[in-house]
Amino acid sequence: MKLLNKWPIYYKRDVVTHYCSGCGHGVVHRIIAELLEEMDLGKRAVCVNPAGCAVLAYKYFDIDMIESAHGRGTAIATGIKRVKPELFVFTYQGDGDLSAIGTAETIHSANRGEQITVVFINNAVYGMTGGQMAPTTLLGQKTTTTPGGRDPKFDGYPLHITDMIAQFPGVIYAERTAINGPAGIQRTKKAIRTAFQVQVDGLGYSIIEVLSACPTNWKMSTEDSFKWINEVMVKEFVPGVLTDKRGGAA
Amino acid sequence: MVSKVFMSGNHAFGEAAIRAGCRSYFGYPITPQNEIGEYMAEHLPRNGGVFLQSESETAAINMVIGAAATGVRVMTSSSSPGISLKQEGISFLAGFQLPAVIVNVMRGGPGLGNIAPAQGDYFQATRGGGHGDYRTPVFAPGSLQEVADLTRVAFDVADRYRTPVMILGDGMLGQMKEPVEFPEPLVGLPEKEWALKGRGEGPSRYMASLILDVMEMERHNWELERKYQVITKNETLYEGYMLDDAKIVAVAYGTTARIAKAAIKRVRKEGVPAGLLRPITLWPFPKVPLQDLALRIEDFVVFEMSTGQMVEDVLLSLEGRGRVVFHGRPGGVVPTPVEFSRILYREYQRQVKSEK
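So the sequence lines, in the order shown, correspond to chains A and B.
The first sequence begins at 1 in this note's numbering and counts up one residue at a time.
The second sequence begins at 1 in this note's numbering and counts up one residue at a time.
Read the hints as simulated data drawn from the structure, not as lab findings.
Just so we're clear, the structure is a prediction, and the values are computed from it rather than from any experiment.
Some hints here could point you the wrong way.
In the DSBU-like style, the derived pairs of lysine-lysine whose C-alpha atoms are separated by at most 30 Å in a straight line are [said to hold, decoys possible]: (1) Lys153(A) / Lys235(A); (2) Lys233(B) / Lys287(B); (3) Lys189(A) / Lys12(A); (4) Lys192(B) / Lys43(A); (5) Lys287(B) / Lys247(B); (6) Lys43(A) / Lys2(A); (7) Lys235(A) / Lys43(A); (8) Lys192(B) / Lys59(A); (9) Lys6(A) / Lys189(A); (10) Lys59(A) / Lys247(B); (11) Lys189(A) / Lys235(A); (12) Lys12(A) / Lys192(B).
Excised from the complex, chain B in its bound form (with noise of 0.2 Å):
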């Protein structure tokens, strides 16, 4: 079976998805993520799982809540302002402790804004969005290989440490076209024992978000900070790209790391030593590696496609460290390799000169 396709990315979070064992998807339509739902209605039922469309995102969630309860591996996908609707759901996925993946195909915002790419959910996405003391760990794809590659690990993880799980792109990775390789499909995965299946002859499960005893909920609270700490520990993930003779570190996730890559390879060619530091997982956010380069290095530039928001997991990950430059661009505008080159060389030229 040949597994290279030319996709786009919507289509390779479907196929990826129905590859590591998902057999259920309920969501709600909103561009630029319709083709995800689109994908799911035709390849679902056809390998045994089920698609619905639902009533709104709201009621989406909750779908997931119910399939997520029985077992069965489920995903979910939205852009920004449903993605906010979703945010109830995801909040009580987390006090469950089940596990769903849910995709945020982000465009420009707040409220409805438009239908481009842009970043502006990283606080939504990586502060745990919903009401009440929970994380989600939040994956970013750079690429629409990653995109395969990663809606596996994100329905590993969420089935590991029972918890919902985010997969953060954009409108560009969404929209966007390249050969991608998918892995075999998984089969055989274990059986939940914890999955409410009627009680049969055994004792009856119940699952609840409520605690109304004090002392309980902090133990319970408690008990969900220790599981985010494995994850932290366990599951961080980044990419280092030309990092190894580099004087100054780009900071950027998804599609503004790819273009921060093309931007150092062309101020490369002008001398200017760049180098690349590429959050995978933006929580948990890869602080020790930060910090490791802030041992030799000082002049760090986030790029984002927000006014600024990942920068401040930056400055809280060096802890004073360094010096960080921020360049976004919000509202939707996709920034060239370009202006990107440019504000390397600036910065690069100011460490110069402050040297001599």
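Same shape as in the complex, but just chain A (with noise of 0.2 Å):
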């Protein structure tokens, strides 16, 4: 009989998970740890995971990893990379860090150009702090802190960080894929491992925005929770390739 779904390497066996039904976690961090054994690169990895629900993320990867303060993901990477540029790095960042209080470290880092990958995990709500709103909640979802929903006159617009830094010289590829199903899932994939191989081929920085259900903090159920990304969040944050330099062409 074929083993059509063999155990990744870099993924730990016998972990109980600790991420909600439904979250997108799960799946994203077996794609990465698909990816890491698929392309050959997990010997040499060194992910930074974020403040939020994914800083246990180092509970389920085999691979070398530290975690980071809020927000600073990319500042260690690259911190990491200028030092060891052999090493594989990449952040595993979500909303409320990457575009919230690391929103400094995620411009310059990719304004520089930095060799490094970024796995940016968009639920549009604060997951670990309790469903307070982020910067990419959208107008009229209600969260803790926007109890009557987000109203752009106090709370301003959800901010499309990922196309901001897509404009940039040194981001070389950036898209936004959505964990919505089983091809929203293999899209992801593909999205990622193209993510990975810029960084392999030096070409300079790379962003991955996942779409991704967070049922407990927005109080849906799973399947509830995919059909908003699938019929609401996607019509905010539309996915596909918001750049692609790889051909050479700034």
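Build the complex: two chains, separate frames, hints provided.
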């Protein structure tokens, strides 16, 4: 019998997940672990994980990892990659981490064209702290700090940070995908593979934004969460390639 | 190779770091220490190292974390308001147990203050500074020769104990020029087995400061505390100056210690038996030497370029023994030897009068 679904060597076994049911982190973790094996990167990989739900990512990945203070992931990744360019360095960050408290680090590491890869999980809400507004929270979306729904008059508009940095010459590849079903998962894996390859080829900075469900803080069932990504979230954050400068044209 | 050169304190920090095997520097410009970054920009790449000007002090100290995690010797430098921004990362370095050297060339404060020499960051430097239960070894050079010597010691202590170490200077020390003799460059530093370098064929490593379990966190805190006790026992440094026959003792560090030495020379000519105890490490503070002095000396005068910060450590060390007088000039005012002489003379006259 052919084994269709081999367990990735860089994904730890016998670990009980701490993620809520329907959460996208587990899926993206698995995709990354598969790619580290398929692309033979795991032995020289260092992952920088964020403050937030994914701070415990080290429980699952069997590679060298370091945690970061809130938002500082790409600064730490910069320090690692600059002194050890032979390492494969990527950050794993959420929307609060990457597009609020770490905005400066995100923008400047991208603008320097650091040879790192950023995996950006956008679930439009602060997960670990219990469901507060994120920069990516949609207009009208209810969170614990926007109880009446996000109102642009008071809270501003959803921040499209990936679209923003995709304009920078040093950002070689930027794509937005969604964990919203089998096709979205396949698309996400392909996108992260491309982003990883950009670093392997020494081309510059790459980022993949993944729209991902947070049923607990959205206060929805998993099924409704997927429906919400497909029907509402993708209208604000449209999936697709945001920039691809691999041909050399900046 | 002629190693004795006439250079500024800020350049001496850079040269000493490179000779101590420092191979990366991340920093953000702020006066009066810009020449450290400039020196590193010019000299680190040609010595096989990495220089990067970050977008902020916060980013710089986090780049330091990344570099330190891979095991290379790394330094950053800043001045007072910039160090405040770096405190987040310094706390994380302490939590991760990562070695790094942080130079603070102090200026007047609080807030933006000014760009003149001051010693108002003593509390911040010696009390941890960032959040959480930790300490930072703090070296306070009093001359540019000591900048050269202590920078190397700072890197060694950082590596030996896996801890961030601060070198606390001030604008005077950074900007002045003196002849400096540098030690030969260090070569062949040992590998750090704990460093992140990709798991290879071995087990993976994880660096964390997040410890959710309270019992485990307490264990971690006590482990750190034990380390700080060993540092206190083994690494406390101070200098005694004209103490043998002293009846009045000045306590001062860095720039004020230099001025105090000049003042002591002056008052000695007038028959005032003054001496100096100069803490070279501000944390750990030379508590025991001070207590030993208090067995035979009653009068202590603390000089600082602040409204009085180290004086609290002097009082804590003496535990009620002796009489402590404080004289400080905050705000970037650099006191003169004449000014300190007057205080020493006045306090000695009071001592003589009370003995009659």
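Structure-based check of each hint:
1. Lys153(A) / Lys235(A): holds (21 Å)
2. Lys233(B) / Lys287(B): The given pair, whose Cα atoms are some 11 Å apart, holds under the 30 Å limit.
3. Lys189(A) / Lys12(A): holds (19 Å)
4. Lys192(B) / Lys43(A): It holds: about 18 Å lies between the C-alpha atoms, which stays within 30 Å.
5. Lys287(B) / Lys247(B): Within the cut-off at roughly 19 Å; holds.
6. Lys43(A) / Lys2(A): holds (27 Å)
7. Lys235(A) / Lys43(A): With Cα atoms ~39 Å apart, Lys235(A) and Lys43(A) exceed 30 Å; violated.
8. Lys192(B) / Lys59(A): holds (24 Å)
9. Lys6(A) / Lys189(A): Measuring from Cα to Cα gives roughly 16 Å; hence the hint holds.
10. Lys59(A) / Lys247(B): Measuring from Cα to Cα gives roughly 62 Å; hence the hint is violated.
11. Lys189(A) / Lys235(A): Roughly 22 Å between the alpha carbons, so the hint for Lys189(A) and Lys235(A) holds.
12. Lys12(A) / Lys192(B): holds (26 Å)
In the structure shown, a violation is registered for the earlier hints numbered 7, 10, in ascending order.
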